[in-house]
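Number of protein chains: 2
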Amino acid sequence: MAVYTDVSFEDLEEFLEAYDIGGAQVFKGIAEGVSNSNYYLETDKGRFILTLYEKRIDTEELPFFLGLMEHLAAAGLPCPTPVRMRAQSSSGPLNGRIAAILTFLEGISLHRPTAEHCHVAGRALAELHRTGADFSGRRDNTLGLEGWKSLATDCNAHADGVAVGLQQLIASELTFLEGKWPKELPRGIIHADFFPDNVLFLDKKVSGIIDFYFACYDALAYDLAVTLNAWCFEQDGGFNVTKSKAMLAGYQSVRRLTPAECAALPILSRGAALRFLLTRLYDWVNKSPDALVRPKDPRQFEKRLRFHRNVRNPEEYGL
Amino acid sequence: MAVYTDVSFEDLEEFLEAYDIGGAQVFKGIAEGVSNSNYYLETDKGRFILTLYEKRIDTEELPFFLGLMEHLAAAGLPCPTPVRMRAQSSSGPLNGRIAAILTFLEGISLHRPTAEHCHVAGRALAELHRTGADFSGRRDNTLGLEGWKSLATDCNAHADGVAVGLQQLIASELTFLEGKWPKELPRGIIHADFFPDNVLFLDKKVSGIIDFYFACYDALAYDLAVTLNAWCFEQDGGFNVTKSKAMLAGYQSVRRLTPAECAALPILSRGAALRFLLTRLYDWVNKSPDALVRPKDPRQFEKRLRFHRNVRNPEEYGL
Chain S
187 MAVYTDVSFE DLEEFLEAYD IGGAQVFKGI AEGVSNSNYY LETDKGRFIL TLYEKRIDTE
247 ELPFFLGLME HLAAAGLPCP TPVRMRAQSS SGPLNGRIAA ILTFLEGISL HRPTAEHCHV
307 AGRALAELHR TGADFSGRRD NTLGLEGWKS LATDCNAHAD GVAVGLQQLI ASELTFLEGK
367 WPKELPRGII HADFFPDNVL FLDKKVSGII DFYFACYDAL AYDLAVTLNA WCFEQDGGFN
427 VTKSKAMLAG YQSVRRLTPA ECAALPILSR GAALRFLLTR LYDWVNKSPD ALVRPKDPRQ
487 FEKRLRFHRN VRNPEEYGL
Chain F
187 MAVYTDVSFE DLEEFLEAYD IGGAQVFKGI AEGVSNSNYY LETDKGRFIL TLYEKRIDTE
247 ELPFFLGLME HLAAAGLPCP TPVRMRAQSS SGPLNGRIAA ILTFLEGISL HRPTAEHCHV
307 AGRALAELHR TGADFSGRRD NTLGLEGWKS LATDCNAHAD GVAVGLQQLI ASELTFLEGK
367 WPKELPRGII HADFFPDNVL FLDKKVSGII DFYFACYDAL AYDLAVTLNA WCFEQDGGFN
427 VTKSKAMLAG YQSVRRLTPA ECAALPILSR GAALRFLLTR LYDWVNKSPD ALVRPKDPRQ
487 FEKRLRFHRN VRNPEEYGL
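If you're matching them up, the sequences are chains S and F in order. Sequential numbering from 187 applies to the first sequence in the numbering used here. Sequential numbering from 187 applies to the second sequence in the numbering used here.
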């Protein structure tokens, strides 16, 4: 949560010349997102977020991300939509980065969502899946099984320094998942990072879905497994089945899971927990002294992974 | 520029119960200020900044800072004013810190102010001095001569590692200032950190003066010397006398400098440059690996100090 690239008002003014959104009246760096620099921008014509894409984002993939948001927003999903320049481009260079201006969404993200919020979030995720179905862009999930293997190799030597037995847990989990990972589930556009930070609420309704920079084409039920991992565990590590049940019901009120998806939920949840365990572990052992972001503790997802390993059937999630 | 203390929406909701400003609709950490955590807050009743005072601020001094802002705002100066709780308190505990809610001000701070902006800023500073005259609170300048001496002692061993000759420059400057520092100049409430970051503009008018957490009771002309240091040097280190002239004229259009103040301007400017050289040097050599803020390069103020040492008379500032 930081601003990596400094943008002065004067830089902004020049950048805004390509747009038709008036002059800036408020302009503040905001502590949101870990991969980009974000500024809150208010002009006489509206409220916006200016995003500068930092090194973690491959800017060749920007047209996919921006095009997806434009598609979803046009179909009525509450997500930011890129503002086009007069010359129709959705992004352009600013202070050595590629930058885009997106519409601002009201609402607040929750740290401790209730079961009711989980229900609504599940429904919103299914709506995203449904709305994404006719988007033609494609992007592979770079954080799928192959990506996990390469992260595990990079972190191997440091894993036990973070938690005793972690190296062994990761290795055995990878072997298991490689043998059993389901390949025939319904696929489509997934958000892949549908955490409470990325969902805004107003009056118990979803008013915004943000941060599409992990979105890709993959199994829809995997996205649901990520979301279960993100919303349905308590601070103390316990799994809250009431929340999970509410989330699954919310999801299925829009899109019914197939029997194969239901059966795969435990393994998908293991994969999802491993994915966040590995990326957090990587950031943890590679933290730079110059970083402006405190890395998140990977052990939270170690616990969640161990929970899913003990699940014997999908009903344990409240299906 | 970071958020040190995390505040969830749920924490916020509880804190807001003591206020009469409605429920939150937007709540975002903002990258502003180096000593505090700041959040932008929007409710159905208005726009606010929630500030959590971190360790750099002595919370016993908060009543002075908050009382001063309330006084200045009530007198029409565009500065944030603390919102009082229903029980009339202007601050209260939140997540292990003391927190306050202040009114939000529109406008934008400039990185490269023009001479016209300097004129307007000079006028605003004089208005602050005039409006502060009938504020009864008092706070010593902890970053005056005695504070500089103690900072210099702390940084002594590291100074030459930052710039060759820096230790000797600081030592000789301190000796000089101790002998000649003027003690009889008109005193009053000063901002003491009137940098471009702390002044918001809308349509070339000052729409906001923020960050009063260095404010204290000291020589008014010293505040002007700080402001000259902050606004009238170019990126390449050069002194821009057109800007300085404009600033002094703006200031004097509201409050005329006394002959003693005019005569003292060169030495006050040396002291002001030394103050920022020392605090930046201290932060530079003591940077913590966990810091979320990149320290500012102290050498910028080394250059400014060397400039002022060569000034022979106040007219060189455009007086």
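Since the hints were derived computationally from the structure, they do not count as laboratory data. Errors might be hidden in some of the hints.
Chain copies aren't distinguished; within one or between two, either way the pair holds.
Quick list of in silico lysine-lysine cross-link-like pairs, DSSO-like style, CA-CA up to 27 Å [to be verified]:
1) K391 with K366
2) K473 with K366
3) K335 with K214
4) K369 with K241
5) K241 with K231
6) K231 with K335
7) K369 with K482
8) K431 with K214
9) K241 with K391
10) K390 with K335
11) K366 with K335
12) K366 with K390
13) K241 with K335
14) K231 with K489
Taking the hints in turn, this is what the structure says about them:
1. K391 with K366: For K391 and K366, neither the intra-copy (37 Å) nor the inter-copy (66 Å) Cα distance is at most 27 Å.
2. K473 with K366: Neither: 33 Å inside a chain and 49 Å across chains, both beyond 27 Å.
3. K335 with K214: neither (39 Å within a copy, 36 Å between copies)
4. K369 with K241: Cα proximity of K369 and K241: none, with 31 Å in one copy and 53 Å across.
5. K241 with K231: Neither: 31 Å inside a copy, 39 Å across copies.
6. K231 with K335: Answer is neither; intra-copy 48 Å and inter-copy 51 Å both fail.
7. K369 with K482: Close neither inside one copy (30 Å) nor across copies (52 Å); limit 27 Å.
8. K431 with K214: neither (40 Å within a copy, 30 Å between copies)
9. K241 with K391: Cα proximity of K241 and K391: none, with 34 Å in one copy and 37 Å across.
10. K390 with K335: So K390 and K335 fail the 27 Å test inside a copy (39 Å) and across (56 Å) alike.
11. K366 with K335: Result: close within a single copy only, 15 Å intra versus 68 Å inter.
12. K366 with K390: Answer is neither: 38 Å inside a copy and 65 Å across each miss the 27 Å cutoff.
13. K241 with K335: Only inside one copy: K241 and K335 sit 22 Å apart there, 42 Å across copies, limit 27 Å.
14. K231 with K489: Classified as neither; 47 Å inside a copy, 42 Å across copies.
Checked against the numbered hints above, the structure breaks hints 1, 2, 3, 4, 5, 6, 7, 8, 9, 10, 12, 14 and satisfies the rest.
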